[in-house]
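Add chain B to chain A, keeping to what the hints say.
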Amino acid sequence: MTPTYYLLLSALLFSIGAVGVLVRRNAIVVFMCVELMLNAVNLSLVTFARINGSLDGQVMAFFVMVVAAAEVVVGLAIIMSIFRTRRSASVDDSNLLKY
Amino acid sequence: MNLLVAQAQQIEAPQIDYGAIAPLLVVLGAACMSVLLEALLPKHQRWAVQLVLTLGTLVGATGALIFYATSERPAQGVATLAGAIAVDSPSLFLWATLLVLAFGSVLLIADRSVEPGGAFVAQAAIRPGTIQDRAQATKTGMQTEVFPLTLFALGGMMTFVASNDLLTMFVALEVLSLPLYLMCGLARRRRLLSQEAAVKYFLLGAFASAFFLYGVALLYGYAGSVKLSAIATAAAGTDRSDTLLFAGFGLLVVGLLFKAAVGPFHSWTPDVYQGAPTPVTAFMAACTKVAAFGGILRVLTVAFENTQWEWRGVLYGVAVVSMVIGAVLGLTQTDVKRMIAYSSVAHAGFLLIGSIALTPEGTAPGVSATLFYLLAYGFTTIAAFGIVSLVRNSDGEATHLSQWAGLAKRSPIVAGVFTFLLLALAGIPLTSGFIGKFVVFSAAIEAGLAPLVVIALVASAVAAFFYLRVIVLMYFSEPAPDGPTVTVPGAFTTIAITLGAVVTLVLGLWPTFVLDWAGTGTFLS
Chain A
29 MTPTYYLLLS ALLFSIGAVG VLVRRNAIVV FMCVELMLNA VNLSLVTFAR INGSLDGQVM
89 AFFVMVVAAA EVVVGLAIIM SIFRTRRSAS VDDSNLLKY
Chain B
143 MNLLVAQAQQ IEAPQIDYGA IAPLLVVLGA ACMSVLLEAL LPKHQRWAVQ LVLTLGTLVG
203 ATGALIFYAT SERPAQGVAT LAGAIAVDSP SLFLWATLLV LAFGSVLLIA DRSVEPGGAF
263 VAQAAIRPGT IQDRAQATKT GMQTEVFPLT LFALGGMMTF VASNDLLTMF VALEVLSLPL
323 YLMCGLARRR RLLSQEAAVK YFLLGAFASA FFLYGVALLY GYAGSVKLSA IATAAAGTDR
383 SDTLLFAGFG LLVVGLLFKA AVGPFHSWTP DVYQGAPTPV TAFMAACTKV AAFGGILRVL
443 TVAFENTQWE WRGVLYGVAV VSMVIGAVLG LTQTDVKRMI AYSSVAHAGF LLIGSIALTP
503 EGTAPGVSAT LFYLLAYGFT TIAAFGIVSL VRNSDGEATH LSQWAGLAKR SPIVAGVFTF
563 LLLALAGIPL TSGFIGKFVV FSAAIEAGLA PLVVIALVAS AVAAFFYLRV IVLMYFSEPA
623 PDGPTVTVPG AFTTIAITLG AVVTLVLGLW PTFVLDWAGT GTFLS
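These protein sequences, in sequence, are chains A and B.
Position in the first sequence (from 1) plus 28 gives the number in our numbering.
Position in the second sequence (from 1) plus 142 gives the number in our numbering.
Because the hints were derived from the structure by calculation, they are not lab data.
Treat the hints with caution; some may be incorrect.
Claimed, not checked - For each label pair, taking beta carbons as the anchor points, the in silico distance ranges come out as: (1) T385/B with L50/A: 19 to 29 Å; (2) G459/B with R52/A: 22 to 32 Å; (3) L50/A with A217/B: 40 to 50 Å.
To be verified - Incomplete in silico selection of chain B near chain A, CB under 10 Å: (4) R276; (5) A340; (6) V358.
We put the CB at the ideal spot given by N, CA and C, even for glycine.
Chain B with its partners taken away, still in its complex shape:
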């Protein structure tokens, strides 16, 4: 009881740097407002109002971010909200990346031209396969709750990459995951697959969060605090129990690697990517990847930099497994969305190489390289899923690879853009994918991970085979007579695909600007 009284007297209100966390506040505030609008507006007005609010929020938050980033601010960053949120250069870079990628994803989510009424079910409560379900599939109108859900997920991601203690990180992890679980289950067509994806993602995601949380508890027991810097200090040389430290680290990293879809914790990825509505898949593939690796980078460089020689071997092995799984299983896929999912597992392996590229002197050359790679990969993926949503037949998207045969004869432009994006995923020069791989691999060599880079190059070569297989299929096969058609996209999808493809090209030709920006600072410790 004395303890309680003593601690209660110490509590004082924390200082809040509102300028620094303004982007976060804008996104989360707008998410709450969006929920209210959903409750108050009549059905026919919701889509337009929600869309304007969501896009306006993203622009506003980006504006606040630019304003803060260009103003007078401490070079090493600030920790605000009693040290719970660290706003430093990598945070700002990741926030900007997340906001711009979310802009592209929201455009895909809002599109109503490709699928009349949008890719989302009109009412999630309608049972699949019933008369009402067949009626909703052709009727316009969609469940506009996806907009607030997207904003909440984005707010969670932004908090996740900036969180400076493990408890904030856990809460942010849940805030980003829970809306995503729901969004996976809202497809307008193939509802059974969509619901199944939601159940799988939810059960496995909750399982992984429990591991993450147990890791947090053990690290709290080890260090007496969940602040990343306190864990680093505690690990720097004490007689505390190493069991707690390494058990905690292992469990924590399992949770993080699950979210980042790194093999062997990738088992949910192909199923969820295939079953979820394609715009949501784009959002997950781009933004969740950025958020998860942002978190991994911060945890590894801030909290566990001192102990890198103990854990480096383990993550080394995980990166190898991830690249091999992604590249080899990707070869056997017959569905475009599953193929891109396995490609994302392979890319997660490359990203992990960048994340563990720490030098003994305490510098982290991999951080800026990984940040660049995340940005480049996100844009390419969003555009690729945008293209996937265009190839359709009478019952929705035609994702089976055999249906893509001869696509170039039906639509040279779509096939051309998709070819370019696949080459970027494969890492061919003049695309952002090449520059991304180049900077990550050079950072890894600088950190003494040359054998890993060799394995990564072999994995890239194997992965290039399945990208090229799609290209060959599109250009050198005859189209089937009852094959799918390529929908002419409306403005939103066109903008999203163009944005993704142009950024992929521009970063392939002039990457210096973004590379400089990614390398401006290090994590606040």
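So that you can see chain A by itself, here it is in the shape it has in the complex:
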């Protein structure tokens, strides 16, 4: 199987994530879609590492995982605090700041 298919899969996953961020309402689900995008990038990094015959891409995938984990910590803390206040994690309810 050629590596190109993995790149296409990664692009597909990235697009699903991006569309999810744009259309979903729940902050947690939006955030999961962002994570999906990051993991799609991991897949393409590893595939490119394979194509290029170097390990850099695989090492980068580890960096991305660590960063994603840190992002989860901060993100869930923020979403939790707003959920405790409003009893809702819907991004549509956060509408005090406008115009």
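Relative to chain A, chain B alone:
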């Protein structure tokens, strides 16, 4: 498996130039120490100790920077940590700018005179609107975690502007963003707005980082390396797939432009600037802008200089959109913080003009101009947000423009200083804003971007209208009887505002020193 063994044998420990990265190490080391202090010290001692540590760190890091900059060093700069960090003249300039601007922001963050106890919530875990929340609003004491968070954000910014490969840049981007997301949500008053700002900034910021990262992955696929110089070499003339290069470039730039609040990627800016605690807004508006444009300048001039004719048109359009959005939507704002946010979107457009001012001969006249503009804009903004934090009524800051009517009658000094800062933002002569615009526009003309400069001048004129509207409102309207009062600031806020206003004036009168310094060298490639 053979590949793994072969590569493992090649690994050797990289050389580290400790002198060059000393400012970075000082800031990040102190940030770690600050977290420890937060855990070990009793509550009543934290504020004083953290403040001394933070300000001491900034002074120490600046000292290390001056020591390195004045010592014997290679003129074109050094790449250290296996080429991950490039310490060259623009890096040093940006580091110095970031450190001094952070000093001003930390003074605003630490101030406890304007809002008793500081602008930050006593305990972030208290739910807004409850009895405990009303109690914490009047009680002194604040969440002192903001100091380590500020230091981490600053460390991330300093790494970001000096990073010589895209992976370091991505990690630095996250190190600078994550603390900022948290700091946005820590306001003592109007907690709902503050938390909402944090959620919006976080979700959109994470979305933009994902784009940045996908761009990095595609460029890695294109060039086989994420080093900026390797990308430049690969783009200089090969039969590789242009799709990967330009898709990667586009995604990368979207992530960068988002951080820099350039329109049309600005949608978070007004909300976050309005909702975040004002000292944090000052820090974001000044330092994040410097860091983001430092990164953009480096990426464009080092990695993508060869391909400028392909991407120049796109960023040309983005700069126009940003200036138009900032100037036109700024006109319709009724909140001071939102107005300054839209003004920052317009300024981001001007800065982008400087960033794309590359000549066909390979020189970048825009780099030194943009560096100067960043410095000048940062100081003006910090002072402006310092003033915004002073105008208050019983439930916190009075940011609605109608409440600013007749402010000059209540406090001539505050109104006078704010007028001066607004004129600097508008770019009136004798202020640093004028010199900044002048050097950026001349660099753009030198690089053959004259039509863009015309659009920029029109946008400046439109933007000047909404600055002048505030001035007219302050001087020629009667103050409302139940209007806000102007708090007499304590030492910290006074120093921060004075620093910002004096630098704005001095750079308007004698800009040569800083201009020379900004123009001493180019990016290490």
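Handout entry: Given hint A340/B near chain A, where the shortest CB pair must fall under 10 Å
Key = holds (5 Å)
Exercise for the section: May I ask you to test the interface hint for R276/B with respect to chain A, counting a Cβ-Cβ separation under 10 Å as satisfied? Expected result: This interface hint is violated because 14 Å lies over the 10 Å limit.
Problem - CB-CB spacing for R52/A and G459/B relative to the 22 to 32 Å hint - result: Cβ of G459/B to Cβ of R52/A: about 30 Å, so the range 22 to 32 Å holds.
Problem - V358/B as chain A interface residue, shortest Cβ-Cβ below 10 Å - result: At 8 Å from the nearest chain A Cβ, V358/B passes the 10 Å test, so the hint holds.
Problem - Cβ distance range 40 to 50 Å for L50/A and A217/B, holds or violated - result: holds (48 Å)
Problem - Cβ separation of T385/B and L50/A, checked against the hinted range 19 to 29 Å - result: Holds, since T385/B and L50/A (Cβ atoms, about 24 Å apart) stay within the stated range.
Checked against the numbered hints listed earlier, the structure breaks hint 4 alone; every other hint is satisfied.
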